[in-house]
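> One letter stands for each residue in the lines below.
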Amino acid sequence: MTTTAPRQSVAAPPPPPPPSAGRRLGGLLLHWWRRLTAMRTAIILLFLLALAAVPGSLLPQRSLSQNNVNQYFADHPDLAPVLDRLYLFDVFSSPWFAAVYLLLFVSLIGCVVPRAAEHARALRTPPPPAPRNLLRLPDSAELSVPVPPAAAVDAVEEELRVRRFRVVRRDGGSAGSSGTAHSAGSSGTGPELSAEKGHLKETGNLVFHLSLLALLLGLAGGKLWGYEGSILVTEGQGFCNSFQQYDTYSAGPLVDSGDLSPLCVDLEQFTAEYEENLTAASFTADIRYGAPSAEGRPTTIGVNDPLRIDGDRVYVTGHGFSPTFSVTLPDGTAFSDLTVPFLPSDQQTMASEGALKLPDLPGQEEQLALEGFFAPTGLLQGGVLTSVDPRPLAPQVAVVAYQGYLGLDSGLPQSVYSLDASQIERGRLSEVGSANLSVGESLELPDGTRITFSGVKEFAALQYSHDPGQLWVLAAAIALLAGLLGMLLLRRERVFARARPGGEGGGTVLTLASLTRGGGESGTRSTALFDDLRGALATAAPARTASEPEVPPRD
Amino acid sequence: MTDSSLAELSDSLFSVSVALYSVALLAFCAQLAFGRRTTRARELVGAGGASVVEEIPAPDAVRGNRWGIAAVGLTVLGALTHTGVLVTRGMATDRLPWGNMYEFATAVVLVAVVAYVVLAVRSPNLRHIGVFVLGPAVLALVAIGLGLYTEAGPVVAALRSSWLAIHVSTAILGFGIFMVSGIASVLYLVRSRPGADEGSGIVARLPSAAALDRVAHRTAVLGFPIWTFAVIAGAIWAEAAWGRFWGWDPKETWSFVAWVVYAAYLHARTTAGWRGRPAAWVNVVGMAVMIFNLTFVNLVSSGLHSYAGVE
Ligand code: HEM
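Here the protein sequences come in this chain order: P and X.
Heads up, the first sequence is in my numbering, so the first residue is 1 and it goes up one at a time.
Heads up, the second sequence is in my numbering, so the first residue is 1001 and it goes up one at a time.
Just so you know, the hints here were simulated from the structure itself, not pulled from any lab data.
A portion of the hints provided could be inaccurate.
[What the hints assert, rightly or not] Coverage of chain X stretches by chain P, computed from C-beta distances (three or more under 8 Å per stretch; other residues unrestricted):
{"id": "1", "stretch": "1164-1176"}
{"id": "2", "stretch": "1215-1226"}
[To be verified] A few chain X residues facing chain P, derived, Cβ under 7 Å:
{"id": "3", "residue": "Gly1201"}
{"id": "4", "residue": "Phe1229"}
{"id": "5", "residue": "Gly1243"}
{"id": "6", "residue": "Val1260"}
Heads up, the beta-carbon is just placed ideally off N, CA and C, and yes, glycines get one too.
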């Protein structure tokens, strides 16, 4: 407080030399920094942030569903590339979204750091002296009590200390309003008191704003060093944690793909349970997990209940059926247990679609492929198979067999769940038979190949996640909430009292005033406080006057 | 599993609640119509003699007051049967009664009504805003009953978690409180228009602009930490259920947008140049975002949060 005054007087002297270019730039930067860190700017930036998030929910996002983005491109071939150039399919990782939140956080730092320093200073400074005219404060009262001034102030002090105020007594000489200890023109005469409580409110405010920063850092860390892989695993199969094995994965820029946690997971059994009305009641997967060479440890994971090991997690994110086929070639060569996951196209009935591709049949020139529709509980209506129940009560598949060239080595990626339609259009693959099959039934192709639907297993969609920032984010979120509660629910109060001798009879006129920030109406609270103080003075009065008739003024 | 007689009872109580609220709404209208306005009393002082002033407004005010008390009483009764709707549904299905959009929205309206009743009991001059709480509440319930009704039944596996109790309950609580806050801000915007004090319309009988602003702020201050907690709890649940704590799913995005808007409101309330009407507008935007998040995001966009149960 006092350090600024002399400096101003030094800077003030009249002939201001024309500022140098560097100075001007400095001034300009300072000006913009002040602007950026003003609350007004924060509000605007908050609005911009809210606004910037909106397209992320209205347009399909790559991070959520690449398929929906592709669909959008197909539906709006002219518009989509333009939107894409504006990052509108990657809103939350776009430079402009980042610009808004980074600006907001710079603004936040610029505001909070000085505030924190000031708060730390305030914690060590005693409450300020009472203002000269207490009755001008919004809540004030004047009462006369039949005790000497010092005793009256004693009673007030005790009552305030019980209420956990920090109290400072000053003698009446310094009623100045400038804050310096020896200002002139004092009108006060008796002792006075300043009390304060509620620094926790400001602490809460700082904790809240700083935890926002911590939360952002945690999020960033998770994005940089985190990764996630998904894979469909049929009962009896497994996977190890490596990017080559996953069907899809995403990894932060700082992830070293050779450095993934060495863990393998085998799916032993998958169980889906349903209510009478076919609402899914539970999905559980019995798995074994452990280091690649070790005998795995058994456990059960399910919806809401992932496997958690050392910051990594394994989830069940979905399930479905893997029909099993066996193929007998005309020459008698047999392949059994050809199991392929079919993707559910309807979650209610678990009707699923998939393909089985056999590009390398020994002694065969043609490649063989099946495209099929699977119904866990099938119903045939006019030759068309539909699914009526998600449970595998009467599994059936409708398959179409193709022979020819699959185009797998053409260099273009293909879905494993369907055949490349362009190969069929171009006549490279031709349909050679179709049938609706129950378990055990076969389809015989013209060349003598036999395809048997031999059974069905369940598969689980598993997800492996590694997010090193997660616990940090959780801690920041808890701190944020605690700070928020402190900031919003606590209040900061200052109470001042000044006593002056009250005319004849040796009594005192006591002036009380209070200032409150935050937390509801201050009026009723301060009235209640003043009433309590009055009560305390009333009980103090007889005892004090009896035992210490003349209290010398304290200093 | 589902007890059908309890489920039917729940549905009947829903209709009873709508009926009780509608009657309460009429009573609130009567209160507004007969209630006395401070400024008009002053006009009468100028127009007639002292004796006239003493006599005319007095029975009017008393009548208005009686209507007001009757209206609050009916609202309380409605809130009781409204609570019954959820309790019986919970008993019928043997789970918390907020597993689908019908139940969620019904609970939000209940919270809004209860928040209003608490305000009206604590400060009687706020009773006057009853029409503007009960009106939207009745409209919302009718829309919910017609558009969102879902048979009582079990919920899907993902919802069978204690986080349903924590996340959804707090979301309902925060939502309901924000609705009252938003209504107060709308009324504040109407009341604080220049010239609102003149004339004898309904506007002039509303509580003072300052009182409305205070109600809006205090309810938002209550709602904000609750909403913050609901969002954090949602993220914790998502970490267990969906494999990540935050993924910008549409519901998550709009909850975030709402959170940011309410943070902006609280800032605006304490920032020079934003106090008063601009801040109130921010609060109204917050309310709009909350309603959009419930309706559009559930019914139109598709995401992981698709538990609405509305076909
Ligand atoms: C430049 C950035 C920011 C600045 C300068 C800033 C500054 C402040 C200040 C000074 C207060 C205390 C208000 C008072 O005097 O009562 C405050 C309160 C608050 N801030 Fe911030 N803040 C910033 C960013 C944020 C952000 C990004 C959020 C959340 C998204 C946020 C949420 C809050 C909330 C909820 C309050 C409580 C308001 C109240 O006391 O009623 N702030 N902020």
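> Which earlier hints can't be squared with this structure?
1, 3
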